[in-house]
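Colleague: My request is simple: use the sequences and hints to build the entire structure.
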Amino acid sequence: MSEIIIEPRKRVRHIWRELWLYRELLFFITWRDLIVRYKQTVIGIAWSIVRPVITMVILTLVFGKLAKLPSGDVPYPLLVYAAMLPWQFFSGTFSVSANSLTSNANMISKTYFPRIILPATAMLTSLVDFLIAFSIYFLMMAWYGMWPDWRIAVLPLLMILAAMASLGAGLWVAALNVTYRDFAIVVPFIMQFGLYISPVGFSSSLVPEQWRLLYSLNPMVGVIDGFRWALLGGETRIFMPGFVLSTCLTILIFFLGIRFFYKFERTFADII
Amino acid sequence: MTCALKTENIGKIYTIGHMQRRRGRNLRETLVAQGTSLLQGLRHPFAQRRSSSATEEFWALRDICLTVEPGERVGLIGRNGAGKSTLLKILSRITEPTAGRAFLYGRVSALLQVGTGFHPELTGRENIFLNGAVLGMTRREILRKFDEIVAFSEIEQFLDTPVKRYSSGMYVRLAFAVAAHLDPEILLVDEVLAVGDLAFQTKCLGRMNKVAEEGRTIIFVSHNMAAISRLCNRVVLFEKGRIVRQGDPETVIQAYYAQAEQTSGRLVLPADFKAGAQIEEIGVTDENGLFSSIVKVHRDFFLYMRCRVHEKINRATISMTVLTLDGTTIFVSRHTDALHTETSELPAGDLCARVRIPAHFLNTGSYSLNLQIIGQSAGKDRAVLDSVQQALNFRVEETGSLSPQLNAGRAGVVTPILPWSFE
Numbered sequence: 001m002s003e004i005i006i007e008p009r010k011r012v013r014h015i016w017r018e019l020w021l022y023r024e025l026l027f028f029i030t031w032r033d034l035i036v037r038y039k040q041t042v043i044g045i046a047w048s049i050v051r052p053v054i055t056m057v058i059l060t061l062v063f064g065k066l067a068k069l070p071s072g073d074v075p076y077p078l079l080v081y082a083a084m085l086p087w088q089f090f091s092g093t094f095s096v097s098a099n100s101l102t103s104n105a106n107m108i109s110k111t112y113f114p115r116i117i118l119p120a121t122a123m124l125t126s127l128v129d130f131l132i133a134f135s136i137y138f139l140m141m142a143w144y145g146m147w148p149d150w151r152i153a154v155l156p157l158l159m160i161l162a163a164m165a166s167l168g169a170g171l172w173v174a175a176l177n178v179t180y181r182d183f184a185i186v187v188p189f190i191m192q193f194g195l196y197i198s199p200v201g202f203s204s205s206l207v208p209e210q211w212r213l214l215y216s217l218n219p220m221v222g223v224i225d226g227f228r229w230a231l232l233g234g235e236t237r238i239f240m241p242g243f244v245l246s247t248c249l250t251i252l253i254f255f256l257g258i259r260f261f262y263k264f265e266r267t268f269a270d271i272i
Numbered sequence: 001m002t003c004a005l006k007t008e009n010i011g012k013i014y015t016i017g018h019m020q021r022r023r024g025r026n027l028r029e030t031l032v033a034q035g036t037s038l039l040q041g042l043r044h045p046f047a048q049r050r051s052s053s054a055t056e057e058f059w060a061l062r063d064i065c066l067t068v069e070p071g072e073r074v075g076l077i078g079r080n081g082a083g084k085s086t087l088l089k090i091l092s093r094i095t096e097p098t099a100g101r102a103f104l105y106g107r108v109s110a111l112l113q114v115g116t117g118f119h120p121e122l123t124g125r126e127n128i129f130l131n132g133a134v135l136g137m138t139r140r141e142i143l144r145k146f147d148e149i150v151a152f153s154e155i156e157q158f159l160d161t162p163v164k165r166y167s168s169g170m171y172v173r174l175a176f177a178v179a180a181h182l183d184p185e186i187l188l189v190d191e192v193l194a195v196g197d198l199a200f201q202t203k204c205l206g207r208m209n210k211v212a213e214e215g216r217t218i219i220f221v222s223h224n225m226a227a228i229s230r231l232c233n234r235v236v237l238f239e240k241g242r243i244v245r246q247g248d249p250e251t252v253i254q255a256y257y258a259q260a261e262q263t264s265g266r267l268v269l270p271a272d273f274k275a276g277a278q279i280e281e282i283g284v285t286d287e288n289g290l291f292s293s294i295v296k297v298h299r300d301f302f303l304y305m306r307c308r309v310h311e312k313i314n315r316a317t318i319s320m321t322v323l324t325l326d327g328t329t330i331f332v333s334r335h336t337d338a339l340h341t342e343t344s345e346l347p348a349g350d351l352c353a354r355v356r357i358p359a360h361f362l363n364t365g366s367y368s369l370n371l372q373i374i375g376q377s378a379g380k381d382r383a384v385l386d387s388v389q390q391a392l393n394f395r396v397e398e399t400g401s402l403s404p405q406l407n408a409g410r411a412g413v414v415t416p417i418l419p420w421s422f423e
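So the protein lines, in turn, are chains A and B. For the first sequence, counting from 1, position 50 maps to 50 in the working numbering; every step adds exactly one. For the second sequence, counting from 1, position 47 maps to 47 in the working numbering; every step adds exactly one.
I should point out that these hints are in silico values taken from the structure, not numbers from a laboratory. Among the clues, some could well be false.
[Said to hold, decoys possible] Calculated pairs, PhoX-like style, for lysine-lysine (alpha carbon to alpha carbon, straight line, at most 20 Å):
#, chain 1, residue 1, chain 2, residue 2
1, B, K145, B, K210
2, B, K145, B, K203
3, A, K263, A, K10
4, B, K312, B, K380
5, B, K6, A, K10
6, A, K39, B, K164
[What the hints assert, rightly or not] Some, not all, of what chain B presents toward chain A, calculated at C-beta under 7 Å:
#, residue
7, S92
8, E96
9, R101
10, A102
11, Y105
12, Q113
13, H119
14, L130
15, V134
16, T138
We treat Cβ as the ideally placed atom computed from N, Cα and C, and that holds for glycine.
Modeller: Here's what the structure looks like:
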């Protein structure tokens with residue numbers, strides 16, 4: 001027989017076990033968000049392809065054709081698209097999880113479940129988008145007559161890194177947005193300039209050597225560099241000190257994000 | 001361990017008023033407030049912190065000790081704000097207690113609202129799965145009960161229609177059907193039977209009875225005394241966050257009725273972050289300004305209200321409405337009625353108003369009071385800023401007339417003394 005003890009300031013000890021118990025709810029909410037997003041749209045799930053492809057075309061035109069930035073030995077569209085994939089995953093997760101608690105306020109004030117499910121759902125829906133967009137990448141590679149090398153095997157690990165960066169950041173804004181709705185306004189703004197301060201439209205090797213470590217303080221720099229390294233193959237190099245710094249920072253953001261989220265989780269129902 | 005549920009001195013504090021406003025919902029306000037208090041701390045390092053005095057704490061629930069045996073069906077009753085729903089929220093782990101502990105032994109389901117998690121864009125079928133998952137059912141469990149749920153809801157033919165096209169009755173039926181097929185050992189229910197039409201309510205109550213007969217433990221919050229007495233074998237009466245009485249349904253419900261009779265004629269409303277203005281207190285006072293829920297037909301009395309205006313309100317109207325208990329409006333009085341200006345504005349700050357109701361106007365009987373503040377605040381459109389609906393009842397009584405000719409028992413809602421002239 002299960003026993004529940006309720007007491008003030010109870011520490012949640014079994015975060016992962018509880019999440020496992022509620023895995024079906026996680027699945028159902030993800031499924032709901034996916035269905036609802038494309039209800040009454042004409043092209044439906046194709047939007048998951050159209051958005052990154054159009055962004056890729058525009059960034060290629062602006063950075064590759066107009067600004068004539070170098071892309072090494074890879075075609076510019078591939079350079080951009082390999083970065084577009086993790087970037088869209090990050091921005092999708094981050095911006096949806098910012099509102100994930102407030103837009104489900106009714107569920108939070110009327111039922112119990114681990115609240116982390118809501119930002120996690122935001123990540124899972126973005127993951128679905130990511131996988132669909134990823135299939136296009138292979139078509140593009142075939143078009144350019146390229147073939148991925150062994151490095152693609154590292155991609156799942158990089159995906160975990162991307163998930164930690166986006167969910168970690170998402171947990172912070174989700175929890176803060178419960179009390180301070182300012183964050184709902186700030187997030188789209190961050191996403192707007194984030195696209196330009198992260199090396200999405202250009203290669204991070206363009207950043208002068210002495211600034212690269214500083215540049216790597218942006219966790220997405222590590223993730224994007226890693227993706228390019230794994231996907232583009234050939235001559236692509238990775239700036240190791242920067243990658244290590246970005247990775248450490250991502251891990252820090254993720255675990256502090258979880259701690260922060262669980263610390264304030266108890267008060268969500270009262271404040272929201 | 002023989003009990004199903006046990007609470008030890010459960011208490012819950014809500015922080016209201018100034019504290020919440022100081023923290024704000026807006027980052028700028030918080031930063032400014034933190035900044036100024038930091039500056040003050042630097043300037044007067046030994047001065048007492050103001051923040052503690054600005055904090056107003058309010059025990060929504062205090063020292064609740066309750067033991068429920070397996071199979072017991074306990075009804076929680078009490079007036080609005082007495083704490084019964086707060087207790088249910090704590091037991092269902094939605095909110096955290098400030099003090100005390102509670103133990104629950106068994107699978108718990110909380111039903112605080114029907115249709116939580118329903119999404120208007122999804123079809124009835126999809127919502128059954130979603131809502132079931134929200135209520136804690138597994139996918140297999142939902143699949144197994146799916147046909148039963150559909151049959152109970154009586155909406156078979158609309159199963160694949162988005163629920164946004166449902167009538168409100170269909171929506172409620174579907175939502176309750178899912179909830180009714182929960183299979184917990186302890187069921188926490190908050191006032192969910194007050195929805196749907198009468199036939200469906202009866203059906204729901206029947207279902208609850210069936211669940212109860214199966215030996216489940218039920219904690220049931222309701223204002224519907226008929227449902228409480230039918231369903232529960234023990235009733236607990238709450239008042240101002242404490243348990244004041246418990247025992248068999250008949251006697252405790254009597255005690256509740258008695259409690260409802262002797263209200264003080266005054267109601268202090270909880271802080272609730274209304275934009276622009278907030279009604280903080282309403283009341284009825286006799287001619288000497290003393291709060292009383294019973295006034296005399298032959299004496300003047302006053303309707304009283306106190307509100308806080310957060311920001312200056314333009315084109316403001318404060319209106320008081322007196323209604324009979326069945327909801328018929330007797331009159332509406334506005335603070336602008338006697339003003340002869342084009343515009344009316346309310347400055348920021350606290351505001352008290354009294355409306356004199358002359359003697360020999362309302363006839364003997366029971367009435368209730370509505371209050372509303374309308375206006376333009378912070379550049380927004382003119383809208384209702386705060387309102388209170390029938391939260392306060394009062395009674396007008398006959399207590400010895402001034403004139404021997406005026407006697408009791410006259411029909412009518414009003415009883416004016418009108419001048420007669422004879423030609």
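Colleague: Against each hint, give a clear statement of whether it holds in the structure.
Modeller: Verification of the hints:
no. : hint              : verdict
1   : K145(B) x K210(B) : 16 Å, holds
2   : K145(B) x K203(B) : 18 Å, holds
3   : K263(A) x K10(A)  : 10 Å, holds
4   : K312(B) x K380(B) : 12 Å, holds
5   : K6(B) x K10(A)    : 17 Å, holds
6   : K39(A) x K164(B)  : 13 Å, holds
7   : S92               : 5 Å, holds
8   : E96               : 4 Å, holds
9   : R101              : 5 Å, holds
10  : A102              : 4 Å, holds
11  : Y105              : 5 Å, holds
12  : Q113              : 5 Å, holds
13  : H119              : 6 Å, holds
14  : L130              : 5 Å, holds
15  : V134              : 6 Å, holds
16  : T138              : 6 Å, holds
This entry satisfies every hint, going by the numbered hints stated previously.
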